[in-house]
Amino acid sequence: MTGPAADKIAAGGFDGIDPPDTEIYLDCVHCGFCLPTCPTYLVLGNEMDNPRGRIYLTRAISEGRSKITDRFVEHMNLCLLCRACETACPSGVKFGFLMEAARGQIERNYQYPPAEKRFRDHVLRTFTDLDRLETLTGLLRLYQQSGLQSLVRASGVLSLFGRLGKMEALLPPIPDQRLRKELPEVLPARGQKRGRVGFLAGCVQRFFLPQVNLATAHALAENGFEVVTPKEQGCCGSLLVHEGEREHAKAFARRTIDAFERAGVDFIVVNAAGCGSVMKEYWELLHSDPVYRTRAEAFSKKVRDTSELFAQTPVNGRLRELPLKVTYHDACHLAHGQKVRQQPRNLLKAIPGLQLVELAESDFCCGSAGVYNVFHPEVAQKFLDRKIDRIKETGAEVVVSANPGCTFQIERGLKDRGLGVRVVHPMELLDWSYRGAMPPGLQRI
Amino acid sequence: MIRETRGFPSPFTPFKEVPPGNAKAAENPMLKDKARIVRELEKIIGPNGVICEEDELRVYDTDGLTIFKAMPDVVVLPSSAEQVAEVVKVCHRETIPFVARGSGTGLSGGALPLEGGVLIGLNRVNRILEVDYENKRAVVEPGVINVWLTNAIAPRGYYYAPDPASQIACSIGGNVAENSGGVRTPKYGVTTNHILGLEIVLPDGEVVELGGKTLDTPGYDLVGVFVGSEGTFGIATKVIARIMKKPEAVKTLMAVFENLEDASNAVSGIVAAGIVPVSLEMMDNNAIQAVEKGVGAGYPLDAGAVLVVEVDGPRAEVEALVHPITEVCKKNRVREVRVAKDDAERLLLWKGRKAAFAAMGQISPDYYVQDAVIPRTKLPQIMAYISELSKKYGLRVANVFHAGDGNLHPLILYDSRNEGELHKAEEMGSEIMKACIGMGGSITGEHGVGREKREYMPLMYTEDDLEAMKNVKRVFNPDGVLNPGKIFPTGAKDVKAGPLGQRGIVEKVLGHS
Numbered sequence: 001m002t003g004p005a006a007d008k009i010a011a012g013g014f015d016g017i018d019p020p021d022t023e024i025y026l027d028c029v030h031c032g033f034c035l036p037t038c039p040t041y042l043v044l045g046n047e048m049d050n051p052r053g054r055i056y057l058t059r060a061i062s063e064g065r066s067k068i069t070d071r072f073v074e075h076m077n078l079c080l081l082c083r084a085c086e087t088a089c090p091s092g093v094k095f096g097f098l099m100e101a102a103r104g105q106i107e108r109n110y111q112y113p114p115a116e117k118r119f120r121d122h123v124l125r126t127f128t129d130l131d132r133l134e135t136l137t138g139l140l141r142l143y144q145q146s147g148l149q150s151l152v153r154a155s156g157v158l159s160l161f162g163r164l165g166k167m168e169a170l171l172p173p174i175p176d177q178r179l180r181k182e183l184p185e186v187l188p189a190r191g192q193k194r195g196r197v198g199f200l201a202g203c204v205q206r207f208f209l210p211q212v213n214l215a216t217a218h219a220l221a222e223n224g225f226e227v228v229t230p231k232e233q234g235c236c237g238s239l240l241v242h243e244g245e246r247e248h249a250k251a252f253a254r255r256t257i258d259a260f261e262r263a264g265v266d267f268i269v270v271n272a273a274g275c276g277s278v279m280k281e282y283w284e285l286l287h288s289d290p291v292y293r294t295r296a297e298a299f300s301k302k303v304r305d306t307s308e309l310f311a312q313t314p315v316n317g318r319l320r321e322l323p324l325k326v327t328y329h330d331a332c333h334l335a336h337g338q339k340v341r342q343q344p345r346n347l348l349k350a351i352p353g354l355q356l357v358e359l360a361e362s363d364f365c366c367g368s369a370g371v372y373n374v375f376h377p378e379v380a381q382k383f384l385d386r387k388i389d390r391i392k393e394t395g396a397e398v399v400v401s402a403n404p405g406c407t408f409q410i411e412r413g414l415k416d417r418g419l420g421v422r423v424v425h426p427m428e429l430l431d432w433s434y435r436g437a438m439p440p441g442l443q444r445i
Numbered sequence: 446m447i448r449e450t451r452g453f454p455s456p457f458t459p460f461k462e463v464p465p466g467n468a469k470a471a472e473n474p475m476l477k478d479k480a481r482i483v484r485e486l487e488k489i490i491g492p493n494g495v496i497c498e499e500d501e502l503r504v505y506d507t508d509g510l511t512i513f514k515a516m517p518d519v520v521v522l523p524s525s526a527e528q529v530a531e532v533v534k535v536c537h538r539e540t541i542p543f544v545a546r547g548s549g550t551g552l553s554g555g556a557l558p559l560e561g562g563v564l565i566g567l568n569r570v571n572r573i574l575e576v577d578y579e580n581k582r583a584v585v586e587p588g589v590i591n592v593w594l595t596n597a598i599a600p601r602g603y604y605y606a607p608d609p610a611s612q613i614a615c616s617i618g619g620n621v622a623e624n625s626g627g628v629r630t631p632k633y634g635v636t637t638n639h640i641l642g643l644e645i646v647l648p649d650g651e652v653v654e655l656g657g658k659t660l661d662t663p664g665y666d667l668v669g670v671f672v673g674s675e676g677t678f679g680i681a682t683k684v685i686a687r688i689m690k691k692p693e694a695v696k697t698l699m700a701v702f703e704n705l706e707d708a709s710n711a712v713s714g715i716v717a718a719g720i721v722p723v724s725l726e727m728m729d730n731n732a733i734q735a736v737e738k739g740v741g742a743g744y745p746l747d748a749g750a751v752l753v754v755e756v757d758g759p760r761a762e763v764e765a766l767v768h769p770i771t772e773v774c775k776k777n778r779v780r781e782v783r784v785a786k787d788d789a790e791r792l793l794l795w796k797g798r799k800a801a802f803a804a805m806g807q808i809s810p811d812y813y814v815q816d817a818v819i820p821r822t823k824l825p826q827i828m829a830y831i832s833e834l835s836k837k838y839g840l841r842v843a844n845v846f847h848a849g850d851g852n853l854h855p856l857i858l859y860d861s862r863n864e865g866e867l868h869k870a871e872e873m874g875s876e877i878m879k880a881c882i883g884m885g886g887s888i889t890g891e892h893g894v895g896r897e898k899r900e901y902m903p904l905m906y907t908e909d910d911l912e913a914m915k916n917v918k919r920v921f922n923p924d925g926v927l928n929p930g931k932i933f934p935t936g937a938k939d940v941k942a943g944p945l946g947q948r949g950i951v952e953k954v955l956g957h958s
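For the record, the sequence lines run as chains A and B.
Just so you know, this note's numbering puts 330 at position 330 of the first sequence, and the rest follows in order with no gaps.
Take any residue in the second sequence, count from 1 to its spot, add 445: that is its number in this note's numbering.
Hints are all accurate, no fakes.
No more than 27 Å apart at the CA atoms, straight line, and that leaves these computed lysine-lysine pairs for BS3-like:
id: 1; chain 1: A; residue 1: LYS339; chain 2: B; residue 2: LYS796
id: 2; chain 1: B; residue 1: LYS796; chain 2: A; residue 2: LYS94
id: 3; chain 1: B; residue 1: LYS514; chain 2: A; residue 2: LYS67
id: 4; chain 1: B; residue 1: LYS738; chain 2: A; residue 2: LYS94
id: 5; chain 1: A; residue 1: LYS94; chain 2: B; residue 2: LYS514
id: 6; chain 1: A; residue 1: LYS302; chain 2: B; residue 2: LYS738
id: 7; chain 1: B; residue 1: LYS738; chain 2: A; residue 2: LYS339
id: 8; chain 1: B; residue 1: LYS786; chain 2: A; residue 2: LYS349
id: 9; chain 1: A; residue 1: LYS67; chain 2: B; residue 2: LYS477
id: 10; chain 1: A; residue 1: LYS382; chain 2: B; residue 2: LYS488
Cβ-Cβ distance ranges computed for the label pairs, FRET-style:
id: 11; chain 1: A; residue 1: ASP416; chain 2: B; residue 2: PRO759; range: 48 to 58 Å
id: 12; chain 1: B; residue 1: LYS837; chain 2: A; residue 2: ASN346; range: 46 to 56 Å
id: 13; chain 1: B; residue 1: LEU574; chain 2: A; residue 2: GLU361; range: 20 to 30 Å
id: 14; chain 1: B; residue 1: ALA829; chain 2: A; residue 2: GLN355; range: 54 to 64 Å
id: 15; chain 1: A; residue 1: LEU170; chain 2: B; residue 2: ARG780; range: 54 to 64 Å
id: 16; chain 1: B; residue 1: ASP577; chain 2: A; residue 2: ALA11; range: 50 to 60 Å
id: 17; chain 1: A; residue 1: LEU170; chain 2: B; residue 2: ASP788; range: 37 to 47 Å
These are computed hints drawn from the structure, not numbers from a lab.
Backbone N, C-alpha and C fix where the C-beta goes; we use that ideal spot for every residue, glycine too.
Based on the sequences and whatever the hints tell you, model everything.
See below:
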């Protein structure tokens, strides 16, 4: 992780732009402690589909003993990037950085079959472009509200559309987009002011879960934070980093840094684990950018998951009873990516009347993993089934998830099994507790 | 290719990779018929369990000891005992050498495959088949991860006692093959003390049962013969293991010393006092540095040595033992004795100890671990000697070991990027090993001989001794097709005369070609 990319020369089968860091290979002592924590290893049972094997394969290319082959790409893309292996690794191997760099190499140097390439591009553009999302959510809302969706689903015509048909099945209910527009650019603090925070509205969160953003902003304001949601912010680039589109992601990262620097805030608050994780690591993404390098470092230091902000300061009073039995799902990019585990639990425990039951394997990936469930629906389903089994065991009526991808994935899994369990964000619970009710307008369909 | 090192051959031969298609590969009996054999294996397992392309096979070219590498021709990943037996039958019929592998965490190259051979990975054969709490036994498949068994029975207050430091990753099948120890050996013994019966696939594919569900079965103790045979007698496909009721009380103490000598004397003192602790584990400062960086177990960074002592049993007994242990430590100039106040603190102390090898990446790019055993009373002398050697060779050593049973694990830290450092590490390792034998100890306590220490066997055994062992091996594995090239020193004539020798495989195994 040293020196600008331009200084680096091609290493073995990789090019010189952000090649996988060879120091990371040396940290790995091949002990295998990561194996039983790797979801893909547990499901697929191959050494190529566990962190130790993936490091080994990548190293062979770096050292010129192998090339980027179809099978290499397959095993690298099957990784969820959940980073459970980083939690397990006593030697501190930064597997996430290695995988992100390797995927960057794949993206540039591997020729996907044309249809695959088009599909990948389409998915990645759609979820990272706010204008596209705006149009799409409008159309999808119409599709769902008009009753057309029920008709299409019943007709069986979706099976003719291959992967797009399968994507339709992943489609969550699209909320009323008027909610999205209720979030003001500046929401003043209530009571004694504790600080001014910049809020990342996100892409998916903004369009598909506007009620979570509203709840977050209100809960922050209630706790004395002035909440600034800069208009010029776009996608943070998290999805693109994970999928290896690093150059594109870097442009998004620079735009995000610009937007929040101008806002002049104490912290940048994120309520989506995947986004927060990548924003905390902008310093790595932009390490070879002479202009943004130090700015990225300063920016990353200011990023907080919402639950962390509440951990630093006690939750302000006036919380009302919320008689719910809930269980907490650790989003991978919160638990493994940001090492945030206790703070959201403490927050939930602060809500009177709320009963928190622990979820077995709470930090085992649910299979959403960004767009993993779109690219690998069959494998993702296996992780989801396991997650739903564990949720069922708790007897909870609400699952708490602090990442939109997990929320949709788990919601769908619960619905498919006919379980009447709801999935909510911790900030929604906090907001409801302040209001003393679950406002019908905020309830999901 | 074997180099002479101080009077006996080095076990380290350079890594040779043989890409398919070259002249040498063409001589390979397996490769000639590879397509046909792969088809037959796929018929047994299905296409998802047979790996035969180089860009995937390479991940199987080594186990936990990465100084040895050899790429197998085919890796087979069966999902059931029946599939294992079918695969073995094919290998036997075609005289293809084959090796079994669990999680690939072994530290003696025991699961190192063979170029031109088949590797059978057992990680998918991983069900817990039966737990009989009343009679305290469980039947498991070989790919079950050691700690999974304990996790599965813990809600009912039971556990599986043998707990190698790698228990979160290593498989019970591998534990049986290597007769693994762990940190509970002073009181509870090693794997063999906890295995009641086995179902094994012999090297010709025949499935036989050894032992049974009771504590002892009439006739020879064939389970005892099999456990620790390092994958050379057969492949265990079912393991009947003893499970134990959790004791009423457990106490874990951390004793902090200024130096290894005081800590070593305290170990001898505790044992001499007639105390039988569950565990008596020691770590030196280098090990503490790595562990604290990696796990943060709460060991003082400035300590010369830390001793982790655990006692268990009825509450009154456990409480009563804390005092005499503390007294012995005090007599040996202990700086601090800390008794873990709750389970969380206790588990953290153990997490640190058990992650010690795995955390070495924090302080060194590579390590080479020794597994020598010495009589416990010689601990201070051997520690002083190792520290002398460390200065002489200019290589750091991290000591992490089972002090209670005199099983040392000096981790020699080196950097393979520096020319000659691996060679120095290997020489230093052999000096440590020889010193241990000189003190009345042995070359391996629990990691096995495997590929790594086969050349050291003559230091401990005469030709006749080794011949007697080979005779036992011939009973199970007469053709030598299963896990060849392990345990016994190279140049063994009988191996050359066997079916593998006739097919030119022996040279490959011995590293002469």
